[in-house]
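4 protein chains.
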Amino acid sequence: MKNKNDAAKTPPMGWNSWDCFGAGVTEKDLLLNAEYIRDNLKEYGWEYVVCDIQWYEPTADSVRYHKFAPLCMDEFSRLIPAENRFPSSKGGKGFSVTAEKIHGMGLKFGIHIMRGIPRQAVYERRRIIKDGVFAGDIAAEYSVCSWNTDMYGVDANAPGALEYYQSLFDMYAQWGVDFVKVDDICNTEFRPDNPYSAKKEIELIRKAIDNCGRDMVLSLSPGPAVIEHGHHLSRNANMWRLTGDFWDDWDKLKKMFRKCEMWYKFTGGGCWPDCDMLPLGHLNVNDPGETRFTRFTKDEQITLMTLWSIFRSPLIFGGHLPDNDGFTLSLLTNRDIIDINQSSSNNRPLISEDDRAVWVCDDKNGFKTIAFFNLSEDEISFKIPQELIEDNEIHSLKDLWKGDIINCRLCDYCVKLCGHCSKILRIY
Amino acid sequence: MKNKNDAAKTPPMGWNSWDCFGAGVTEKDLLLNAEYIRDNLKEYGWEYVVCDIQWYEPTADSVRYHKFAPLCMDEFSRLIPAENRFPSSKGGKGFSVTAEKIHGMGLKFGIHIMRGIPRQAVYERRRIIKDGVFAGDIAAEYSVCSWNTDMYGVDANAPGALEYYQSLFDMYAQWGVDFVKVDDICNTEFRPDNPYSAKKEIELIRKAIDNCGRDMVLSLSPGPAVIEHGHHLSRNANMWRLTGDFWDDWDKLKKMFRKCEMWYKFTGGGCWPDCDMLPLGHLNVNDPGETRFTRFTKDEQITLMTLWSIFRSPLIFGGHLPDNDGFTLSLLTNRDIIDINQSSSNNRPLISEDDRAVWVCDDKNGFKTIAFFNLSEDEISFKIPQELIEDNEIHSLKDLWKGDIINCRLCDYCVKLCGHCSKILRIY
Amino acid sequence: MKNKNDAAKTPPMGWNSWDCFGAGVTEKDLLLNAEYIRDNLKEYGWEYVVCDIQWYEPTADSVRYHKFAPLCMDEFSRLIPAENRFPSSKGGKGFSVTAEKIHGMGLKFGIHIMRGIPRQAVYERRRIIKDGVFAGDIAAEYSVCSWNTDMYGVDANAPGALEYYQSLFDMYAQWGVDFVKVDDICNTEFRPDNPYSAKKEIELIRKAIDNCGRDMVLSLSPGPAVIEHGHHLSRNANMWRLTGDFWDDWDKLKKMFRKCEMWYKFTGGGCWPDCDMLPLGHLNVNDPGETRFTRFTKDEQITLMTLWSIFRSPLIFGGHLPDNDGFTLSLLTNRDIIDINQSSSNNRPLISEDDRAVWVCDDKNGFKTIAFFNLSEDEISFKIPQELIEDNEIHSLKDLWKGDIINCRLCDYCVKLCGHCSKILRIY
Amino acid sequence: MKNKNDAAKTPPMGWNSWDCFGAGVTEKDLLLNAEYIRDNLKEYGWEYVVCDIQWYEPTADSVRYHKFAPLCMDEFSRLIPAENRFPSSKGGKGFSVTAEKIHGMGLKFGIHIMRGIPRQAVYERRRIIKDGVFAGDIAAEYSVCSWNTDMYGVDANAPGALEYYQSLFDMYAQWGVDFVKVDDICNTEFRPDNPYSAKKEIELIRKAIDNCGRDMVLSLSPGPAVIEHGHHLSRNANMWRLTGDFWDDWDKLKKMFRKCEMWYKFTGGGCWPDCDMLPLGHLNVNDPGETRFTRFTKDEQITLMTLWSIFRSPLIFGGHLPDNDGFTLSLLTNRDIIDINQSSSNNRPLISEDDRAVWVCDDKNGFKTIAFFNLSEDEISFKIPQELIEDNEIHSLKDLWKGDIINCRLCDYCVKLCGHCSKILRIY
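Chains as they are written, first to last, in this note's numbering: chain A, 1 to 428; chain B, 1 to 428; chain C, 1 to 428; chain D, 1 to 428.
Take every hint as true, because none was put in to throw you off.
Just so you know, same-sequence chains aren't split out, so a pair can sit in one copy or run between any two.
Subject to a maximum C-alpha distance of 25 Å in a straight line, what follows is the list of computed BS3-like cross-link-like pairs (lysine-lysine):
no. : residue 1 : residue 2
1   : K67       : K130
2   : K9        : K368
3   : K368      : K2
4   : K383      : K200
5   : K416      : K398
6   : K416      : K252
7   : K130      : K93
8   : K259      : K199
9   : K199      : K254
FYI, nobody ran anything at the bench for these hints, they're computed from the structure.
This is chain A alone, in the form it adopts within the complex (with noise of 0.2 Å):
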C-alpha cells in the first residue's frame, strides 16, 4: 500500500475552473487554461488542470445550480460528463480523452465530485456496481447537501457503500485521473442534531483510492474544518479547506489570518490545509452580472499571495487564465515566493492582533524569510521581532517581490506599510 501523503510532497499548485465557469465550464475551457498553463506557468511548478462542479449535468450553464436537473449516470449509478459539454467523452469514454490530452501537455488533471450517491438514481430505482443493491439502499436519506440537490449522502454502513465507491474511483483511475475534490464533506459538524455521514464517507473515498491503482490527491470541501477533527483530515486528506468559499473581498481575506494561526501545525508532509483558490485575474467570465476583474487592490494581492505562500497552502488559481494582465501573470511567476509555497519549513505566525500579523520561516536554503502584513486601515510600522535577532552583525534583506535588497543591523530594521499591504524579506 502506498502512502497517501506521496501523492502532494508539496503544496500542490494549479487552476481550477470554479472562479471563472462556475458550474458551467466546458472542455474548451478546461484545455484553454491548460495551454496557458503549459505556456507560461509549468515552469513555475504549477500543473493542476481541475474540472469543477456539474460536469454531469447537461444544462448547466452559470454559477447558480438547477435544482432537480436531471444528471447523466450509468448503469451503476455513477456520474458521467454530459456529452453536449464534455464531446470528448462520447461513446463512454468519461474524461479519458481530455485526461490524456492534459497529461500530454505535462499536467496533470483532476475533477470535482460530491460526496455521496444521484438522488435521481434512488428514485429510478438504479442499482449500483454490486449486485442486488440498489441506489436507495446506500442512501442516507437525512445527510443532504444545504446548497445542491444532487446527491444523497451514503450511509458508510450499508452493504454496498464501500463497494460504490470503490466504483466510482476506479472509473476515475481508468480515466487518468490525479486530483479530486470532494464537496460537502469537510464541515464535519455541520449538522450536530444528525447521523451525518461525511466522517465515515472520508474513510470510505480514502480506502477507494489507496486502492484504486493510481496516485490522486485529495482534496476536501468546503470548510471550514474544525480543528478538533485535524488528525481524522491528516490521516485520511491531502488538502482541505479552512473557510467557507473565498472570494475577493479584504473582509475574507483578513479572517484568513486567524486561521491560519490555528491551523499552522497541521501543514507539511502531504497534508496542505487549504485557504482556498486564489480569486484573481478574469472571474465569473460567462455571468453577466458578475463578471469582474478581481476586486482586490494590487497591494492586497499581493497580501494575499503572500500569506498563501507563507503558510504553505495550495495554489489553486480561480481565473480564466488566458485573459490575465502581466500583473496577475507576476503574482504567479515569481520564483522565490513559490520557493517559499513549496520548499520552506519552520512556518508559523509570530505575532497575531487584530491590526497585523507577522510569519516566519525557514527557507530552502536555511535562511529566515519574514513576512510583514498590516491588517488595518491605517499605516502602521514593523520591526524585526526580538527573538529573530541573534546578533549585531550587518544583514542583507531581499525584498522578494520587489527584489531589492538593503543592507542593516537587524535591529534597526524598520518599515512602514500602508494599510492592507505586506512585505516578505529574506534574512541573510
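We have chain A already, so just place chains B, C and D on it with the hints.
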C-alpha cells in the same frame, strides 16, 4: 371568516392509530376502534378517530418506515390512500367513505399528514394544481425530515405553494376530515443552520384550512415546540406538541411536568398545548418484538391521566381500544376527571420541585381542585399549600379517582403518597 | 399569610431615579420628584417614588460606578443610607423620615437593592444578625455581579442566609418601604457554568417579604428574564424585566415588541412583565456628557407609551419630572391610555411581523381597543384584522391619543402610518 | 532576550505536592520528596520539586480550600510563604532557603501561583510596587476564580498591571524559583460572557518572566485549554493543561486519548501540552477520608505511563514519593520509557477509535516505536498497521515494559491485549 379556535373549544378527545398500529394501520382497524368508542366512550366525550402516518404507502406494515417507498398520489401530486389498505378509497373516493361511516357513528374523523410535497412527485416531474407549476418548483430541497423520506418541505415563497396546500385541504374537506395532525412541523428551531420552512408552512396550512369550507382541528407534531414561538402557535394551531414522542416510560412522564409548568399559560381558548397520545392499553399490536400492554404501572397511569387532565392536554388514546381491560377503560370513563380536563379554569402549578409537583384549578362549579404528584421514588407527605387555605372551617375533600370523601380543616389535611403516585381532590 | 399578588393588583405606576440621577441621587432629588407627582400626576394613578442604586455609597455621584468604594452598613452587615446624601437618615433612622414625607403626600416609597451581602462586610469580618454567623459564611464567593463590585451573592443553603434576608426586609418594613427593586437577579441563566444563586435568592426574598409584616411590590432586574422560568417568576415576583436596560433608542424599542409577544400570557393577576422605565423627559441630569432630553421623537414616544399600555407593563417614569415639558406631561396624563394600562383585559398581539405589529384588548367597559404599530422606516397601511370584524354595521372609532372619533364600517377602515408611528383606537 | 523554549527543551520531569498534600503542604514535605528524588530518581532525569497552592495561607491544612482565609503578603500586595508552614521563610526570606537546599541536591524548585492580585489586598487598600497605585486599581473585579476566593484577576490594561506582575517574578527570581505553575488561567474560554482577563494576563506573565533575569518553566492550569488558542499558548508557555484535574479514574484516562489526538501537533520545541500530574503511589496523605494508594490497576498505570510518554507530556509525579512501593518506583525508572518521553520524534496517533488507540514515534536512534492501547473492557487483537510495514524481512520487536524481544515479520505480528491494557514495542 370563522375563528380557528371554534374548532376546539375544549381539549380534543379521541383515538389515534400510531401507538397501536404504527405506519401499518388499515381501514378495518379504524372502524373497529371507532365502534368501540361509539359503544363505550362516546358518552364521556371521546369523539375523534385519527388515522396516523403512511396511509398513502401500499407497503407500510409496521412501526418501521420504508426508505424511499413508492407512494400513491393523484395527478396534482397529492397523496391519496393506498387502496390495498383502505379499500373504500377505490375509484378516487379517498377517505370519504370511511369518514362517512365514522360520522354515522356520531364521531369525527381525522388524518395525519407530513408537511411538504412528495419527493417522488419531484423526481417523476409531476405537476401541482396550479397550471405550469411542477412539484420541483415548490420543493424546499434542503428542508427534509430527519426520520422519514417521503417529502420535501414546501418553499412558502414559491409561486404555487399556497395553491398546493389549498388543494390538499380542499380535498380533505371534500372527504369529510375534521382533524388534521401535521407532522415534521412543530419543532421550528429544529435546524437553525438553515432556512427551515416550517414556520411559513404553518401559516400556509392555517390559510388553507380557513379557506377550505370545513372546520378542522389543526394539531402540530412533533415537539418540542419552543415557547418563544408560543404566540405563533397560538395564532395558527389548536394543538402543538410539547415534547418528542411520548411513550410508556416514567422518565418521559416525569419530564412532562417541567414542560407543563413552562406552557400552562398558553392553554385555553381553542389552544391546547399537547402532552401527546396516551400510551395505555395494548400497544404496537402488530409488531412481534414490541407488542405489549403499557409498561406504566397502575399508579403511573393514574398520575399520567391526572396530569393530562389538570393541565388540560388533549386526550388522545393510543392503544388498540377493543383490547382494553377494565382498569384501562376505567381511566377513560371517570366523569370527574374528564370534567377537569374539559371544563376547569385557572389551572396552574403551585409547586414544582425535583421530587414533587402540586397543581390546582377551579372546577366547572368553581370548586378548587388540587392534585398532588410524587415524582420521586420514595414516600412523600403533602399538605395543602398555605395560599389555598382561606379559613379554619371544616371542608369536604373528594378523591376524584377513588370517589371517597373526607371532612377536615384544610390546615390539618396531610397525605402520604408512594413514589410515582398522585392524588387529586375537590375541595368544597 | 397574604397573597403576594395583592401588592400590585394593577401595573405599578411611578418614578425611579436611575435614568435621571444614576447612582448619585439624593434625598432632595427624591422629594422634588415626589412633589411633582403629588401636584401633577397623582390623580392619574402615579404613586411610587423609587430610589435606585448606591444610596449606601457616600461617594456615588453619577451614572458611573466606583470600583470597591466604601459602603455604609450597620452592625449586622446591612447597607444603610449614606448620611451625606440622605441627611434625614442620621441617627440610624435609615429611610424612615423620607418615607414618612412621601407617605404624607399620599404616595408610596421604594428602594433598589443588589442581591447579596457586601463584599466589604466579608473582608471586615463582620457578623450578620444570626449569632455566630459572619458575612463570609453566607457569601457565595463566585456569584458576583458582572457590572458592580459591591456584593457577593448569598448561598441560599448556608445557615443564616434566610435570617440575613429577613433582617433586611424587617428593616425596610420598619422604614416604611412599599416597593423593592432587586437587581442582578432576574437573568437567571446569566452564568450557566456556575451554581448561580439567583433563583434561590429570589425565593429567600419572597419569604422575607411575606414575613416582614408590610406589603411590598417585588420588582426584579435586570433582564432578559428567560421564559422557561416564567412560572417561577410569576410565583415569586410582581414585576420582572424582559430585557437589559432600556434607553431612548429605536432599536431597543423595536426589539421590545418581540419580547412583549413572547411574554404577554404572563401578564395579569399581580404579575407584570416589565418593559423597564420610560426614558422620557430630562435624562442623566447631572452627567455633563450625557444629559439630554430623550432622543425619541414625539412619534416614537407615543409608540412607546402605546406599547407599554396595551401590554400592561409597569409605568415607571425615568426623567427628572420637574423638567418635563408640556408634551411629556401630556403623555402621562391621558386617562384613556392609562385606563388601558390599568384596566384592560384579554390583551394580545394579533400580528407580529418584522415591519409591523397589531395588538388588541378589551377595555374596562368591554370595548375592543386596537393598536397599530409601524415598525418600519416607511409608510404602511393598516386595516382592521378580519377576525375582529363581526358585523357590517357602522361603528365609532376613537383615536385615544388625538381624541377624535370617526364612524365607519370596520371592513372599510384603513389608516396609513408613517415609519415608527402608531395609533390606538377604541371600537364601539 | 532569551528564548522561552530554552527553559524546557524536553518535557519537564519532577514532583508536585498537590496530589499528596493538597493545600496543606509544608517545607518539610518538600524536602522529604526532594531527598527521595535525589536518592532514587535524579539519575533518570527527574528534577523539579514543585510546591503547589496556598503556601501563603497559614491555616491551609488539607485538600479543601478555606473561603476568605487571611493570607500572608508583603507591603506591595505580594503573597509570601506562611511562616508557620515554611519556617525558613522567616525574616522575609521567602522560599530562598528552601530553593537553596533543593538546588544543593542538584534539583530544581518550582511554585504554584494563582493569577491575579489578592482580594484581601484590595479590601485592606494596600498599594502595589508602582507608586500611587493600589491593589483595587488593577483588580479585574468580575474576573474571579470559580473554585478559590483568594484573588481577583488583574486588568491587563490598568496602569501598574505589568509592574505588579514584574514585581512578583522579580521576587521569585530572587528566591531561586525555576518553575512556575500559574492557575486559573489556562481555560481561556471559561467565561465567554465576560472580558475574562486570562489571555492578557498570560502575556503579562510571559513578559515578566522574560525580564526577571532567571529561566523559569511556565506551566498553565487548569484545562481544558482550547485548541483555537494553541498558537497563543505555544508562544507564551512551556506547558498547558489539556483537561481539568486528572485523577486515578479510568474514564478520565480514556478521555485523555481524545485530547492527545487533538493536541499532538503542538508538542515539541519547548512546548509540552500537559496531561497533568501522575496520580500514582500514595495520594492525599493527610486527608483521612481520601488517603489511598492510586485506584488505577497496574495495567492501567502502565497504560497511563505509556500514553504520557509517547505523547511527550510533562511527567510530574503526584504521590508522596517516600511511600512508593517497588512497582511504583519501577514505573519511573524504565530508561526506555523515559527515553521515549524525552527524546522521541514524529509522535502521532495512527488509529483512534472508541475501543482502541495506536500511536507511533521514532525513538532517539531512529527506530520506530509503536504503542497499542486497548480502551475497551474486552480483549482485543492488534496488528501492526499496514503503513508501518515496509518490507517482508524479519524484525526484532522489544517490549519496552517487559524487556523481552521477539523476532518476526511485521505482517505476522499479532498481540491480544486485555481491557485497559497496553503494549509498547521498539521495532528494529
